[in-house]
Amino acid sequence: MKTSLRRVVCAVLAVWIVGVASVPAAFAIDPVEMSDPVLQERYRALTHELRCMQCQNQSIADSPVGLAGDLRREVRELLSAGKTDDEVREYMRARYGDFILFRPRMVAQTLWLWLAPVLLMLLGLFAAWRVVQRRRALVTDDGFDDEGGDR
Amino acid sequence: MKYLIPAGVFALLVVVLAIGIQRAPSKNVIPSALIGKPAPTWSLPVIASNQSPTPASFDSERLRGRWFVFNVWGTWCPECKVEHPMLLEMARQKKLPLIGLDWKDDDAAARRWLESLGDPYDVVVADRDGRTAIDFGVYGAPETFLIDDRGVVVYKHVGAMNPDVWQREFLARLPTAAPSDGTQGQP
Chain Y
1 MKTSLRRVVC
11 AVLAVWIVGV
21 ASVPAAFAID
31 PVEMSDPVLQ
41 ERYRALTHEL
51 RCMQCQNQSI
61 ADSPVGLAGD
71 LRREVRELLS
81 AGKTDDEVRE
91 YMRARYGDFI
101 LFRPRMVAQT
111 LWLWLAPVLL
121 MLLGLFAAWR
131 VVQRRRALVT
141 DDGFDDEGGD
151 R
Chain A
1 MKYLIPAGVF
11 ALLVVVLAIG
21 IQRAPSKNVI
31 PSALIGKPAP
41 TWSLPVIASN
51 QSPTPASFDS
61 ERLRGRWFVF
71 NVWGTWCPEC
81 KVEHPMLLEM
91 ARQKKLPLIG
101 LDWKDDDAAA
111 RRWLESLGDP
121 YDVVVADRDG
131 RTAIDFGVYG
141 APETFLIDDR
151 GVVVYKHVGA
161 MNPDVWQREF
171 LARLPTAAPS
181 DGTQGQP
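Which chain is which? The protein sequence lines are Y and A, in order. Residue numbering for the first sequence follows the working numbering, starting at 1 and increasing by one per position. Residue numbering for the second sequence follows the working numbering, starting at 1 and increasing by one per position.
For the record, the hints were derived by calculation from the structure and aren't laboratory data. Don't be surprised by glycine CBs; every beta carbon is placed ideally from N, CA and C.
Calculated lysine-lysine pairs in the DSSO-like style (CA-CA distance at most 30 Å, straight line): (1) A:Lys37 <-> A:Lys94; (2) A:Lys104 <-> Y:Lys83; (3) A:Lys37 <-> Y:Lys83.
To give an idea of the interface, some chain A residues facing chain Y are shown, with a C-beta separation under 10 Å as derived from the structure: (4) Asp129; (5) Ile134; (6) Phe136.
Start from the sequences and build out the full structure, keeping to the hints where you can.
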């Protein structure tokens, strides 16, 4: 029993780590640096979470197309004008809709986007738990202990 | 009995994927965030107009009080060339004023384009740095907006205009007392 449970936990952790570690590599599409390092860091972060509307699976930081360049310019100017990160996101959302945000807002329309992964995870854990329970029952019925793990 | 759960999951997956495939053609078109909201205002240099002399600049305020079509294009855009005959047809019908936004383009190239292919626009203004297009949430030319007499965005079409869209999504949305009394040429 212990072994199977441990395996389940290990599998879950492995999936988790792979997901977290696969952070997209940064491309050197955008040569512009803002003079203020604090602004530059915010600029870098913001442009990575805004979608390039023409290419759709890239952020505006990673895309060489003209519109992405224009949107980066807008972000720089808004930041220089003292806007907060949220104000920049809202500026983009007002024009291009929720679709431009790689990290969508939590509203009624996008609720399933946020809840689905948690629900699927719970479903998976429940299924795993069921399998473990069944195997444990099997082992006890046969009169074996669980030291051998899988037979 | 043993396969009930896997079969159920499979059936669910089939349903979800079937819905996804059915809706796929419309997925490329991202709905405009501006529908039902006031259209952005602008004041831009004029490339061409049917007024003489051609004014140096044109302000969107001058369109207030009438329905009009706002078409985003550029000479660098192949689909715009495909669309052009349809714009000429729309202009010929004189049902709505047609305003052109020449997006990140060369003024001289735009004038040559209009001379050689014909000019369907009442006014064409130049969005040289692309800011007005961003205000309109434009992500690819051509895009065509229908804007009402209060200056509210009623509809946006992405891609080349065609007779079906023109009839069903533009003309059909006009109030019955449509400004079909030859408003063309007024702005």
